[in-house]
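Residue strings, one per chain:
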Amino acid sequence: MFVAWREIRFARGRFVLIASVVALITILVGFLTGLTAGLAGQNVSAVLGLGADRIVFSAPAHGEKDPSFGDSSITAAEADAWTDAAGVTNAAPLGISQTRLSAGEKRAPAALFGIDPSAAGSHFLPAGTPMPRPGTVVLGEGTAQTLGVHVGDTVSAFGEDLRVSTLIPDTWYAHSSVAWVTLPNWQSIMSTGGQPAWASVLAVSLDASAQPDSIDSATHTVSRAPIPALLSIESFRSEIGSLLLIVAMLFGISALVIGAFFTVWTIQRGPDIAVLKALGARTGRLVRDTLGQALVVLVAGVGVGMLVTVGLGSLAGGAVPFVLSPLTIGLPALGLILLGLIGGAFALRPVLRSDPLAALGAAR
Amino acid sequence: MIELRNVTLTFPDGDHRVTAVDHASLSVPPGTITAVTGASGSGKSSLLAVASALITPDSGEVRVAGVDLVGLSRAEATAVRREHIGIVFQQANLLPALSALDQLAVMNELDGHSRAARAATRERARDLLARVGLAGHEDKRPHQLSGGQRQRVNIARALMNEPGVLIVDEPTSALDHARGMEIITLILELTRDRGTSTLLVTHDHSHLDRMDQVLVMSDGVLTTLDPAAATAA
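Which chain is which? The protein sequence lines are R and H, in order. Going by the numbering used here, the first sequence opens with residue 48, and the numbers climb by one from there. Going by the numbering used here, the second sequence opens with residue 479, and the numbers climb by one from there.
Just a sample of chain R residues kept apart from chain H, beta carbon distances all over 12 angstroms, derived: (1) L75; (2) F78; (3) G88; (4) A133; (5) A166; (6) H170; (7) P181; (8) Q234; (9) S252; (10) D260; (11) I274; (12) E281; (13) L381.
A short, non-exhaustive set of chain R residues, derived as facing chain H with CB atoms under 7 angstroms: (14) D319; (15) G327; (16) A328; (17) R329.
Read the hints as simulated data drawn from the structure, not as lab findings. Where a beta carbon is used, it is the ideal one built from N, C-alpha and C, also for glycine.
With these hints in hand, go ahead and build the complete structure from the sequences.
Laid out in structure tokens, this is it:
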């Protein structure tokens, strides 16, 4: 790095420029990753919070390949079949629908989760969420604030009144805060709303002996592990694909920009490299210098970009769904450095091919 | 010591090969300077490339500082250049990002790790710069130095690793006569002081009478000239 550091100092304008580009890309990637994680959380946190081993859907409609939370409708017979199946330790029906809660003149969208009030159902209530009693609703704090209600107040869903029994931190399903009611209350509300159903899905726990695919076949249902099941939330499926594609493209752009910069830079340094080789420099040392320069620029650019992302992300976190965590900041940063180094490695070709003979008689 | 015996070097040129060095032999003892002169394209630079382990001849023997260069791998030839050969380029070929002091200090870093303590290296570089008349110019970059000063840095750099052999390629070609005389005088002094075997290529006949041996190259063939007669020519 003897020459590399001195070149960085000598051509600091050029290196600051490329580090700034890296920083900007890092900010873009950081924001998009944080936003992706935030949006994902607003789509799926309630489903993941169930802690189920499998989510069981009714068979997709004819012509549909994948199950969907919105279309799934589980019957009592299917629930019983799963409950009785070998290896199933818990199976609880869950009603899920998106509705609008009202309190006086105020309205708020909510995901209404109807939970089986039996012991099987309480197994799947997220930690900190109490089992709702008949005629009551366990409400997210955000929804309560929007509706201006407190514990003991009454909210209405499809004209059916529910007393607010507890306020809990918001959990999310398809961008709506979840409101918990008993399954019978949920069934009643759905009937009132003109969409009668017994339950939407089953949450099940399995032991090691369970063979969910066989149970699916026997019961004509489709079960999914929790993570794949998230793709059955329509809003999540449509958002996550686009966002991850943009993030992937930014990673690719980053590698290309770094690669292009260092290729041009290394070609410009061609005569210097020939001189160093003629003087006896090992090629490995020159390679280390070149990659070292790339690493310095990447670490500086990514570091600045991360700081800006953390700073602005902290400010934006209240206004938009944005998640700041080692996963959303650290992982993209590492990815950018790695891909940047791969891009920088393309610049090694002139270093490897430079002929020291060119230094003899070369006019510079 | 530089010893070439019956060295032949050819290059491909379309369907046939051009002979750049034709059965050349020479010997440069330590502490002496041998000049090679000749017209452009006569093969002088090819001869220098062979003697500086930059190219392997088709045939013949090449021994530099006791090392047989024929048959060396690229990495081995690089190590020989690093440890035994100092090259003074025609143009100074200084690295634009480095100060005069760093142009010399970089010679300690060529194999990827410092072979000597950095403080000692810088002290030695400072001494060498002073020896070539550049005390006080250590922190200047190439664009802040005159042509003659750049050539002095070029010479000092070649001596940094205490080579037994000095290869000098037309060191005065970009300098006026007075600066050229100073540079030749410096190379002569350093050759005597340090006991290097110095092989110098030059077009400038005005310095030849100061050489220990003068060779003329013509179409790849080397012939010996009397130094005094060479200057007159």
